[in-house]
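Each chain, written out:
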Amino acid sequence: MKILEANQVTKAFGGLVAVNNVDFHINEGEIVSLIGPNGAGKTTFFNVVTGIYPPTSGEVRFLGETIKKSRPSEITKLGIGRTFQNIRLFSSMTVLENVMVGQYCRTTSNLLATILKTPKLIREEKEVEKKVMGILDFLELTHLKDEIAVSLPYGYQRRVEVARALATDPTLLLLDEPAAGMNTGEKIEMTNLIKKIRDQGYTILVIEHDMKLVMGISDRIYVLEYGNKIAEGLPKEIQNNEKVIAAYLGKGGNE
Amino acid sequence: MSKIIKVLLNLALYSGILYIGIIILSKVFDIGTKRFLVFDEKKKKVASIGFLIFTGLIPVFLSKNTYALRTSILVLIYIVLALSLNFVLGFAGQLSMGHAAFYAVGAYTTAILTVNYNVPFWISLIFSALVAAIFGLLLGIPTLRLKGDYLAITTIGFGEILRLILINWTSFTRGPAGIPGIPSPTIFGYTINTNTGYFYILYILALITIFISHRLLNSRLGRGLIAIKDDEVAAEAMGINPTFLKILAFVLGAAIAGIVGGIFASFIHYVNPDNFTYMESVVILTMVVLGGVGSIPGVIVGATVLAILPEALRGISTYRYAIYGILLAMMMIVRPQGIISMASLKGGGGNENSRSQSSN
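Listed in order, the protein sequences are those of chains A and B. Heads up, the first sequence is in the working numbering, so the first residue is 218 and it goes up one at a time. Heads up, the second sequence is in the working numbering, so the first residue is 32 and it goes up one at a time.
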């Protein structure tokens with residue numbers, strides 16, 4: 218089943234075509250990577266998928282339904298969770314609270330229930346905590362739950378971000394450069410983590426620069442350059458694709 | 032010339048006193064918070080109940096001293112006002128600088144309803160909350176799309192416009208002359224016209240406000256609000272609708288400020304526009320910032336300190352605002368997180384502990 222599908226999506230800002238006629242899809246349970254040099258249009262594509270920009274032409278379908286321009290909060294409710302390229306954790310909260318915020322869109326208690334502490338609210342809070350503890354356990358963060366999240370080492374902060382995105386109960390998880398700024402050891406951990414998450418039944422879209430990580434985890438890869446899709450396929454195929462090599466390393470002299 | 036030197040010397044002297052005062056207070060509360068946090072649940076309960084009984088008995092201790100009792104009533108009024116602003120500034124992180132306007136709306140609603148229409152006090156108090164909430168909603172919907180400085184400027188504008196309306200709409204508000212003769216509330220046929228009576232009304236209101244703050248802070252909605260304060264973009268990616276939550280906090284803060292406005296009007300039996308100037312908003316804001324933005328005990332301490340300070344500094348009341356300014360500037364340098372910060376309540380303090388633990 219196709220979780221996400223983009224049909225001939227074009228996004229132009231005035232005369233600048235940032236994404237040009239891109240076809241794209243992710244099947245259920247896949248890890249798909251979107252790569253490309255700086256300025257290739259990856260972020261724009263990402264923003265079109267998450268409904269921040271409406272496409273100039275073409276359409277994006279999530280679980281069979283067309284995504285229209287809408288608030289990011291509504292996209293999250295549909296079932297697309299995301300992390301950020303520059304870590305954006307809630308600085309005054311502990312790890313546990315950060316991840317609990319992720320459950321916000323799946324809970325409903327209102328102000329009156331909050332003040333009166335109705336049985337429904339108590340039940341809801343308990344469920345949230347149980348669920349969040351499960352996620353923390355899964356990502357091996359339980360021992361850090363009462364630490365202020367932003368005081369953790371970088372690798373852990375990334376992991377908390379992933380936990381927080383998982384707490385929104387996403388069908389599709391978008392990871393925006395999950396290995397940016399990480400050292401080799403942390404990258405290996407992140408690779409294993411992404412695979413582990415996929416094995417739980419999540420579908421994952423990764424935007425990434427780090428080739429080693431991308432080749433290691435992806436089921437399929439899409440390559441963008443100057444807004445055009447120049448290649449798609451299995452990691453092996455992409456590795457040997459001349460267009461991709463040229464885009465990343467520059468064209469050889471004898472071509 | 033000698034006068035200027037005298038003024039400057041005075042200011043320097045008081046700055047020094049304030050500086051030492053801040054440091055001592057901060058230390059005391061730091062130790063206090065740490066001690067309190069390691070208490071078990073039972074001890075915490077005992078300590079809280081002890082504190083409640085002690086503060087609840089203030090009118091008994093002060094029964095001979097009317098001046099001190101009236102000051103403690105003012106302290107309660109400011110505690111509620113500061114806590115109501117804390118919903119907006121402390122929880123949602125929105126810099127609203129026109130909070131006195133909601134206070135004014137509440138006071139005038141009660142004044143006009145009770146004096147002109149003979150509405151019973153308690154019913155007019157409900158209207159005070161409602162009308163202030165409606166003003167909060169009407170102001171919040173367009174302005175809460177703005178951020179930081181822009182929101183501050185708009186809310187200042189709102190406060191000033193409201194005050195000018197109160198001054199100039201003489202047929203309705205009696206203009207600068209104000210509205211005298213606001214009656215005292217009655218409960219079961221007893222008229223509450225003593226200071227002790229007002230103290231307990233406000234005491235209960237303060238407890239309710241603290242209760243609401245506490246419940247809200249430790250809930251889904253509270254986490255949503257703090258998330259918006261910390262990082263609006265990330266909050267939105269978590270499925271939080273920031274506009275809705277900001278307006279919710281704004282309306283809640285406005286309604287509570289409206290209620291305390293109504294009680295204030297009845298307490299002094301007279302309202303006029305001078306009670307609700309821009310300075311009043313600044314004072315409330317200062318209390319929240321001084322005490323610790325977002326921290327409930329911090330805001331209470333901030334309001335208490337700043338409500339007592341002008342009384343303690345009676346001799347130099349002309350310097351009052353200069354000292355406010357110096358105090359704020361000094362706080363920003365010495366202790367920007369406020370007297371009791373939110374972080375210290377989580378046991379984080381300066382974050383050093385958590386950092387060293389996690390790197391192991």
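If you are wondering where the hints come from, they were derived from the structure by calculation, not from laboratory data. One or more hints might be untrue.
[Stated by the list, open to error] In silico DSS-like cross-links for lysine-lysine, where the CA-CA straight-line distance does not exceed 30 angstroms:
no., chain 1, residue 1, chain 2, residue 2
1, A, 343, B, 75
2, A, 412, A, 362
3, A, 362, B, 34
4, B, 58, A, 334
5, B, 74, A, 347
6, A, 334, B, 73
7, B, 73, A, 362
8, A, 337, B, 58
9, A, 337, B, 76
10, A, 412, A, 429
11, B, 73, A, 343
* Asked: If you draw a straight line from the CA of residue 362 of chain A to the CA of residue 34 of chain B, is it 30 angstroms or shorter?
  -> violated (59 angstroms)
* Asked: Taking only the CA atoms, is the gap from residue 74 of chain B to residue 347 of chain A under or equal to 30 angstroms?
  -> Holds, at roughly 27 angstroms.
* Given the hint that residue 334 of chain A pairs with residue 73 of chain B, does the C-alpha gap stay at or below 30 angstroms? -> It holds: about 21 angstroms lies between the C-alpha atoms, which stays within 30 angstroms.
* Asked: Under the criterion that the straight-line Cα-Cα distance not exceed 30 angstroms, is the pair residue 343 of chain A, residue 75 of chain B satisfied?
  -> OK: residue 343 of chain A and residue 75 of chain B at ~23 angstroms, within 30 angstroms.
* Straight-line alpha-carbon gap residue 73 of chain B to residue 343 of chain A, limit 30 angstroms -> Answer holds: residue 73 of chain B to residue 343 of chain A is near 22 angstroms, not above 30 angstroms.
* Would the pair residue 73 of chain B and residue 362 of chain A pass a check requiring their Cα atoms to be no farther apart than 30 angstroms? -> holds (24 angstroms)
* 30 angstroms limit on alpha-carbon distance, applied to hinted pair residue 412 of chain A and residue 429 of chain A -> With a Cα-Cα distance of about 14 angstroms, the restraint between residue 412 of chain A and residue 429 of chain A holds, given a limit of 30 angstroms.
* Asked: Are the Cα positions of residue 58 of chain B and residue 334 of chain A separated by 30 angstroms at most?
  -> violated (35 angstroms)
* For the pair supplied as a hint, residue 412 of chain A and residue 362 of chain A, confirm whether the alpha-carbon distance does not exceed 30 angstroms. => With Cα atoms ~23 angstroms apart, residue 412 of chain A and residue 362 of chain A stay inside 30 angstroms; holds.
* Holds or violated: are the alpha carbons of residue 337 of chain A and residue 76 of chain B at most 30 angstroms from each other? -> Holds, at about 25 angstroms.
* **30 angstroms Cα cutoff - pair residue 337 of chain A, residue 58 of chain B** => Since the Cα atoms of residue 337 of chain A and residue 58 of chain B sit roughly 41 angstroms apart, the hinted pair is violated (cutoff 30 angstroms).
Violation of the numbered hints given earlier is confined to hints 3, 4, 8; the remaining hints are satisfied by the structure.
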